[in-house]
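Chemist: Generate coordinates for the entire structure from the input sequences, incorporating the hints supplied.
Residue strings, one per chain:
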Amino acid sequence: MTGMGTDLFERRVVISGVGQSAIGRQLDRSGFQLTIDAILAAVADAGLTVDDIDGLAMFPGGGKANLPGYANGNLYEIQDALRVTTTWRQGIIEGMCLPFYGPAMAVATGQARHVVVWRTVKEGSAARNAGGRPAYGSTNSAAEGPLAWLLPVGALSPVCQLAPYTTRYMHEYGVTREQLAWIPVTQRAHAALNPDAVYRSPLTVDDYLASRMISSPICLYDCDVPADGATAIVVSAAETAADLRAPVGVEAMAGVVDGRPSWEQWEDMGRVGYATAAAMWARTDLRPADVDVAEIYDGFTIEAVWWLEAMGFCGPGEAGAFVEGGKRISLGGELPLNTWGGQLSGGRLHAAFGHTAEAVRQLRGEAGDRQVAGARVAAVTSVGGYEAGAALLTSWPR
Amino acid sequence: MTATPTAPVGIPPAVTEETAPFWEAAAAGRLLVERCVRCEAESFPPYGMCRACRGRDVEHVEITGPGHVYSFTVNYQRWMPGLEVPYALVLVEFAGHPGVRVFGRLRGCPPQEARIGMAVEVGFEPGPGGYAVPSFIAVAAESAVPAEGAAGAERAA
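As given, the protein sequences belong to chains D and Y, one line each in that order.
Under the numbering used here, think of the first position of the first sequence as 3, with each following residue one higher.
Under the numbering used here, think of the first position of the second sequence as -1, with each following residue one higher.
Since the hints were made in silico from the structure, they are not lab data.
Hints are supplied without guarantee of correctness; some may be wrong.
Label-pair ranges, simulated between beta-carbon atoms [unchecked claim]:
| hint | chain 1 | residue 1 | chain 2 | residue 2 | range |
| --- | --- | --- | --- | --- | --- |
| 1 | Y | G94 | D | G367 | 56 to 62 Å |
| 2 | Y | P79 | D | S264 | 27 to 33 Å |
| 3 | D | R31 | Y | G94 | 52 to 58 Å |
| 4 | D | A24 | Y | A26 | 53 to 59 Å |
| 5 | Y | R49 | D | I95 | 21 to 27 Å |
| 6 | Y | R49 | D | T178 | 34 to 40 Å |
Note that the structure is predicted; figures quoted are calculated from it, not measured.
Glycine included, C-beta positions come from ideal geometry on N, C-alpha and C.
Modeler: In structure tokens:
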């Protein structure tokens, strides 16, 4: 596992802890309290105390949120509540590609030893309060920046932005909804084994095909579930591994933006994530066949399709055939996919925070009834297009 | 029936120094993009900078179409109170105008008849906040009035 050399910065860090608050459609607690719950759980999970934490990061950072229900809390107030001294902090609105990317850079360069990064959503509550999943930017009186070309014409949701990708992909490759249905259907079966998943009742292909269309060809079950919940991740210096309860290695990671950084201007809507995946694979000797479990982004079904193909688990246009029937992507299959249910059933914890938490649990053998036997290499990806990130995490010691 | 709303529901654009020419022209039924004075490459959205050569001297030129649909969706979800659904949203590109792709609604045919590759004319319709917003016109269904969009027959209220 050497790739470009053993001095890759990500080899100097481990993911030491993951923690989550309660997760549900709607929780009657503030985002602030959910955040604190997740941070304390993650620190304890790492085998550390809060006094060991010297770096804080959150995504997104402060500022105006595009969607109602972004509930991280204020970084200064969280730091004040935790009463920690920091040597590094980060709160970013744009540009994040993986939850642990910035923290890993800080730790690898010695700016901090134990960084906690969190993401808290109350989008389930926001949807309830809006009488349905709310419009993009509906808390704003005018559409600023890239939204100026979307909201005024009626592209009022991320669903409207991602739907043309699905249309184009299906057009280019002849993939059908009957095939793509197996992604949400299989992930729902995984969610049934995850007590923290939001939706756990069985879902069939017929249920999928009969569900209401949101923005064609994206139907209800192609959309992730707006949820309330917080996820925190602790990134630590690898040299502290002996002090940690159950660290996980970071084998390789990358986040490349090689197209126009805009959903609607992305040049080739049939191909997303390829440059990121290629850059990630260039940093490791591992190959797609070495991956034991795939926790890949699924804000919408099509995003999982991108990553299956971009990461090389199947060829371009082959994801439909790859997932059809569900066997390959089930527990016990060649590539168990989103074993926690993914965002489609587990809840929209967003930006690969939920995916990272599950990858860590799988690599530790702590995934309960949904454990992939002997999992040693996990793929994690985030979003796609202009926020693309991909990583391989490995069991520890390597 | 087309899905053109009778009372525009939505969120208006925040107009900036860079985008004001686009929205002013839209009100007159004209689709403007930036063209580089130096290398003549066209860019959209407008940034006051050429995306091909990074030149800062740009002018605005009108695209009259027809264009063709790169991809589309038919939206069925009522994202805001009073939003009339369904309606088709199309991403339109123009032969001979690389670098330009514009999102807008589709009218002139039932939304379910939207197809990749279909020809559309440039058009606008009344949008939120009194702005005219891109609303492309299916060519086959509107062949009797092919110049409607370019001529600015439909303007913002």
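Chemist: Could you check the hint for me, namely that P79(Y) and S264(D) are 27 to 33 Å apart, CB to CB?
Modeler: 28 Å, holds
Chemist: Lying within 53 to 59 Å: is that true of the beta-carbon distance A24(D) to A26(Y)?
Modeler: Because 55 Å falls inside the window, the suggested range holds.
Chemist: Return holds or violated for the Cβ distance of R31(D) and G94(Y) against the range 52 to 58 Å.
Modeler: 57 Å, holds
Chemist: A range of 56 to 62 Å was offered for this pair. Does it hold for the Cβ distance of G94(Y) and G367(D)?
Modeler: Once the Cβ atoms are compared, 59 Å apart, the range 56 to 62 Å for G367(D) and G94(Y) holds.
Chemist: May I ask you to test the hint 21 to 27 Å on the CB atoms belonging to R49(Y) and I95(D)?
Modeler: Roughly 23 Å apart at Cβ, these two residues keep to the hinted range, so it holds.
Chemist: Range first: 34 to 40 Å. Now tell me if the beta carbons of R49(Y) and T178(D) are that far apart.
Modeler: Holds, at about 36 Å.
Going down the numbered hints, you'll see the structure goes against none, and every one checks out.
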